[in-house]
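Chemist: The lines below spell out each chain.
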Amino acid sequence: MKYSFYLFLVTISFAACQKNTAVTTIPVTSATVKDLVADTIIGTSLQGQPYGANKFTFYSLESNKIIASTDSASTKWDLAFKGTTILTNGGTSGPGKGGAFVYIGLYDGVTAVPADSTFKTDNAPTYAITTGSNKGWYVYDGMNNLINPIPGRVLMIRTANGNYAKVEILNYYKGGVTPSATASDAIKSSEQRYYTFRFTYQPNGSKTF
Amino acid sequence: MRYSHYLVFFCFFITTTLQAQNSDTLSGAGDEIVVTATRTERKLSNVAVPVSIISQKKIQQAGSLRLNDILQEQPGIFLTNGFGTGIQMQGLNPDYTLVLIDGEPLIGRTAGILDINRITVGNIKKIEIVKGPSSSLYGSEALAGVINIITNKPNNNTLNVSARYGSFNTTDINIRASFNKKKFSYQGFANAYFTDGFSIRPNSVERAIAPIQRYTTQQNFGIKFSPKTSLSINFRYNDEKIKNIIAVTNNGVVTSSEGNEHNKDINTTLQLTHKYNNNLKNILRLYTTQFESLQQLATSNGTPYTDYFKQQFARLENQTDYIVNKQLEINAGIGYAIETANSTRYDNSNNQKNNQIGFAFLQSEWKPSPSFTFIAGARYDNNQLYAASFSPKIALQLKANNKLVFKASIGKGFKAPDFRQLYLNFTNAAAGGYSVFGTVEAQKIITQLIQIGQIASLENDYYRLGELQPEYSTGINIGANYTINERLNFNLNAFKNNINNLIDSRLVAYKSGGAQIFSYLNVKNAYTEGIEIALNYKATNTLSFTGGYQLLLSADKDDLNNINIQKVYTRDANGYSRLMQKNEYIGLPNRSKHMANMNIQYDHNKSFVNLRLNYRSKWAVNDKDGNGLYNTNDEFANGYVQVNTAAGKTLNNKLSIQIGCNNLFNYEDVNNLPNMPGRTFYTKLAYSFFQ
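Chains as they are written, first to last, in the working numbering: chain A, 1 to 209; chain B, 210 to 900.
Honestly, the hints are just simulated from the structure, not real lab data. Here the structure is a predicted model, which means the values were calculated and not measured. Just so it is clear, CB atoms sit at the ideal spot from N, CA and C, and this is done for glycine as well. Some clues are possibly wrong.
To be verified - Computed Cβ-Cβ distance ranges for the label pairs, DEER-style:
hint, chain 1, residue 1, chain 2, residue 2, range
1, A, Ser-69, B, Asp-713, 38 to 48 Å
2, B, Thr-636, A, Lys-55, 25 to 35 Å
3, B, Ile-687, A, Lys-207, 51 to 61 Å
4, A, Ser-74, B, Tyr-785, 28 to 38 Å
5, A, Lys-55, B, Leu-762, 15 to 25 Å
6, A, Lys-135, B, Glu-415, 27 to 37 Å
7, A, Ile-187, B, Gln-663, 18 to 28 Å
8, A, Ile-187, B, Ala-320, 23 to 33 Å
9, A, Thr-130, B, Glu-415, 33 to 43 Å
10, A, Thr-130, B, Ala-585, 52 to 62 Å
11, A, Ser-206, B, Glu-877, 57 to 67 Å
To be verified - Example chain A residues on the side facing chain B (calculated, C-beta under 7 Å, incomplete):
hint, residue
12, Gly-152
13, Pro-179
14, Thr-182
Stated by the list, open to error - Computed list of lysine-lysine pairs in DSBU-like fashion (alpha-carbon distance at most 35 Å, straight line):
hint, chain 1, residue 1, chain 2, residue 2
15, A, Lys-97, B, Lys-720
16, B, Lys-720, A, Lys-55
17, A, Lys-34, B, Lys-827
18, B, Lys-612, B, Lys-266
19, B, Lys-776, A, Lys-174
20, B, Lys-802, A, Lys-135
21, B, Lys-720, A, Lys-120
22, B, Lys-362, A, Lys-174
23, A, Lys-207, B, Lys-484
24, A, Lys-135, B, Lys-653
25, B, Lys-776, A, Lys-120
26, A, Lys-174, B, Lys-612
27, B, Lys-766, A, Lys-120
28, A, Lys-34, B, Lys-776
29, B, Lys-390, B, Lys-484
30, A, Lys-97, B, Lys-827
31, B, Lys-653, A, Lys-120
So that you can see chain A by itself, here it is in the shape it has in the complex (with noise of 0.2 Å):
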């Protein structure tokens, strides 16, 4: 398993524009995460069914990178990955303040958290980012057997201490290329779960990007 990430920060100066004479520079993450594993597949039933190890991968959004397992009932962490299905660090998923839900819409015209909008918590076995066919963040295309994310949702965000983020799934398959709709089955079976994605991550609390 390798895992390449390719980061970037740009940073962002807030000038606060309060009385005080401390000025703050806090950076504003955005990343962009290759192949981040989840629960790739190992083997493949008697049905014949391909199946994963049932693990999480997680993820911390404030840190730009992999928590180990054993710190699952932390809040090190804000994402985690297995399939298709994103936890998030909150509700009957950890013991963070985490929370989701799916924008429709562009990644770079969303420049704040709508200020309608809830935030949904994890309640087993219905999460905050809805798993399911066009339901959340992907299509499954049944005739080809692949997974697409769908473009335009925007994956909002609460981290496991309450900071802020947007998330938009690129692509499901290994390298970030989909596999031909007329690939092999194995190929589709061992390239998929690698989840690239990018992410703008808030550390300061408020709701813009």
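The hints should help you fit chain B onto chain A, whose structure is shown.
Modeler: Chain B in isolation, oriented as in the chain A frame:
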């Protein structure tokens, strides 16, 4: 009719002028006769709607065996793969073209598709293709148009045999005999077709075309009681055994199966014709048909698979043709039909589904002057199972001069919901357990599942489930035919089909385990539009050229609406979402924007050589960017040209020999054209004992 009448034409859009020039080979025939456009015999040059004719000569010289072989070489016809080979005409799905044999409908569609591989061309006299809605005469299914296969009728005493052998051990044998005595006529036809099948996918156990044995026979008896009254009895039987080796993959689950599919169809027509006088004719027809399909597979997961489907259709109808005067003719019909189906795909294969249809139609043709024809007609279909349909149509033809003819028609077409859309009860146990229920079943089954707590959630579309309505279209065709000179003819037709109430499957509920339940709803509205051009050029007495082209545009109206309100996204090169622009939208999938055909033919004495080109531009196959519609970012099958050629010679009027090569340049597309083999060869011998 003499045999020579239908052997001599080799152009689709032949004109009176052209024929006058060729009168030496035309046996003095004035004009080709068309029956499908108006349900009465009309000269092609007098028909006000777009019609094309494929002659027997054309079919034979193309080396065709099955109906799909010859239709794929026609302009504006795109053949679809999946559940057999279907006909897409004017950009409409195969569900919406009515296929008739001698004026009576073929049944036995799977998922709306009538597999035209079932039809041998061995006894086809001609094929008439009427484009545009024709429900005003034919009722359900005739939205895109009608393809009427007209078989040979008893003529003079004949006995012909032919045998063809080619690649993949494809063997085709035909015997045809007919005799004609004063009052009694008979024609018998038998065809046997065998192929080993093939797969162009390397190392595949599945065959794209499976090993098949097919037998067809058609028997036609005619009795002339008097010069005014005649009876014809027509019987057709078709039997096909297909060897299946199937590897089904769904949700990543692979199940391999092996077994056979056995399809049988029987058609019987009794027709009593009585001419009261030269102006009044009555035709009473009783048609019964049955299609039966049994597929039995042994599967690798241990569960044997049996799929059984039986459909029966019986219709009694009476048509009266009355010539009121030189200007006016009226055709009136009335009839009653019963349709039944049993299937393992329904709740219980012993439980027969029934539908009854009563209908009446009326058409009047008014010809106030030799240069002007006006047709108005309408049909009313009253159904037991769904709403009644009223289908009007008007058409007019104007001969501006002896070179230029204009045609225009507008009509309504409909397709009644089929048994599958009402009663299907299918759960794919092997693959995740998703289910598809017909609308009648869906509400019943889901209610039961709710009671036992098996439903996790109901989707919005569940609440929209109700009585299915027929699908409707309104089609307009406007065209012109221009005979530039005796050698050159040009035909143009512009069409637009507005289709409403389209039935589509929709997700209606989730089961507790997460399995999806689908059902059918009248949800979609779409249109197709385009231009067809046909060109006929007889360069010399021996060299001729025909060409056809179709431009096709289509759209799902909901897609268009979503694009307009800026709700549709796609991705840029980085994978980032962006708004999709309207000009990126390509409309309905599986349709080529450009299609063209060309045929160059050389005839000399009793020999011929032809070269036939078929072009299809790229077509969308997969919504790669996941936005739910088809745009330039999606996956396309490449456009291609297929070139076929054939040559033949007739020796001493009895023996003829033909050789041919299809797909001369060996074009293959493993993924998108699995049914198209690479280069294939054949040779054919035919012998006429007497004629």
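Chemist: With reference to the structure, classify each hint as holding or not holding.
Modeler: Hint check results:
At about 43 Å, the beta-carbon gap between Ser-69(A) and Asp-713(B) stays in the expected band of 38 to 48 Å. Under the hint 25 to 35 Å, the C-beta atoms of Thr-636(B) and Lys-55(A), about 31 Å apart, fit the expected range. Between Ile-687(B) and Lys-207(A) the beta carbon distance is about 58 Å. The supplied range of 51 to 61 Å therefore holds. Range check, Ser-74(A) to Tyr-785(B): about 32 Å between beta-carbon atoms, so the 28 to 38 Å window is met.
Between Lys-55(A) and Leu-762(B) the CB atoms are about 50 Å apart, so this pair departs from the stated range of 15 to 25 Å. Remark: the range hint 27 to 37 Å for Lys-135(A) to Glu-415(B) is upheld by a beta-carbon distance near 34 Å. At roughly 35 Å, the beta-carbon separation of Ile-187(A) and Gln-663(B) lies outside the given 18 to 28 Å, and the hint is violated. Remark: the range hint 23 to 33 Å for Ile-187(A) to Ala-320(B) is upheld by a beta-carbon distance near 28 Å.
With their beta carbons about 37 Å apart, Thr-130(A) and Glu-415(B) fall inside the hinted range of 33 to 43 Å. Distance hint check for Thr-130(A) and Ala-585(B): the Cβ-Cβ separation is about 55 Å, which falls inside the suggested range of 52 to 62 Å. Our hint of 57 to 67 Å for Ser-206(A) and Glu-877(B) holds, since their Cβ atoms are close to 59 Å apart. Taking 7 Å as the C-beta contact cut-off toward chain B, the hint placing Gly-152(A) at the interface holds, the least distance being around 3 Å.
Violation of the interface hint for Pro-179(A) is found here, the shortest Cβ-Cβ separation to chain B being roughly 11 Å, above the 7 Å cut-off. Taking 7 Å as the C-beta contact cut-off toward chain B, the hint placing Thr-182(A) at the interface holds, the least distance being around 4 Å. Distance restraint check for Lys-97(A) and Lys-720(B): the Cα-Cα separation of roughly 31 Å lies within the 35 Å cut-off, and the hinted pair is therefore satisfied. Under the criterion of a C-alpha separation no larger than 35 Å, the hint pairing Lys-720(B) with Lys-55(A) is consistent with the structure, at around 25 Å.
Restraint check for Lys-34(A) and Lys-827(B): the C-alpha separation of about 33 Å stays at or below 35 Å, so the hint holds. Taking the CA atoms of Lys-612(B) and Lys-266(B), the gap is about 27 Å. The hint holds against a cut of 35 Å. Of the pairs offered as hints, the one joining Lys-776(B) and Lys-174(A) holds, with about 29 Å between alpha carbons and a cut-off of 35 Å not exceeded. A hinted pair counts as satisfied when its Cα atoms are at most 35 Å apart, and Lys-802(B) with Lys-135(A) qualifies at roughly 33 Å.
Simply put, Lys-720(B) and Lys-120(A) have alpha-carbon atoms about 23 Å apart, close enough for the 35 Å limit, and the pair holds. For the proposed pair Lys-362(B) and Lys-174(A), the alpha carbon gap of about 63 Å is over 35 Å, so the pair is violated. For the given pair, Lys-207(A) sits about 86 Å from Lys-484(B) by alpha-carbon distance, which is inconsistent with the 35 Å threshold. With a C-alpha separation of about 25 Å, the suggested pairing of Lys-135(A) with Lys-653(B) holds against the 35 Å cut-off.
A distance of roughly 24 Å separates the Cα atoms of Lys-776(B) and Lys-120(A); the hinted pair therefore holds under the 35 Å criterion. The suggested pairing of Lys-174(A) with Lys-612(B) is violated, with an alpha-carbon distance near 64 Å, which exceeds 35 Å. Simply put, Lys-766(B) and Lys-120(A) have alpha-carbon atoms about 34 Å apart, close enough for the 35 Å limit, and the pair holds. The suggested pairing of Lys-34(A) with Lys-776(B) holds, with an alpha-carbon distance near 27 Å, which does not exceed 35 Å.
Between Lys-390(B) and Lys-484(B), the direct Cα distance comes to roughly 21 Å. Compliance with the 35 Å bound is thereby established for this hinted pair. A threshold of 35 Å between alpha carbons decides the hint, and for Lys-97(A) with Lys-827(B) the separation of about 51 Å lies outside it, so the pair is violated. Taking the CA atoms of Lys-653(B) and Lys-120(A), the gap is near 34 Å; set against the 35 Å cutoff, the hint holds.
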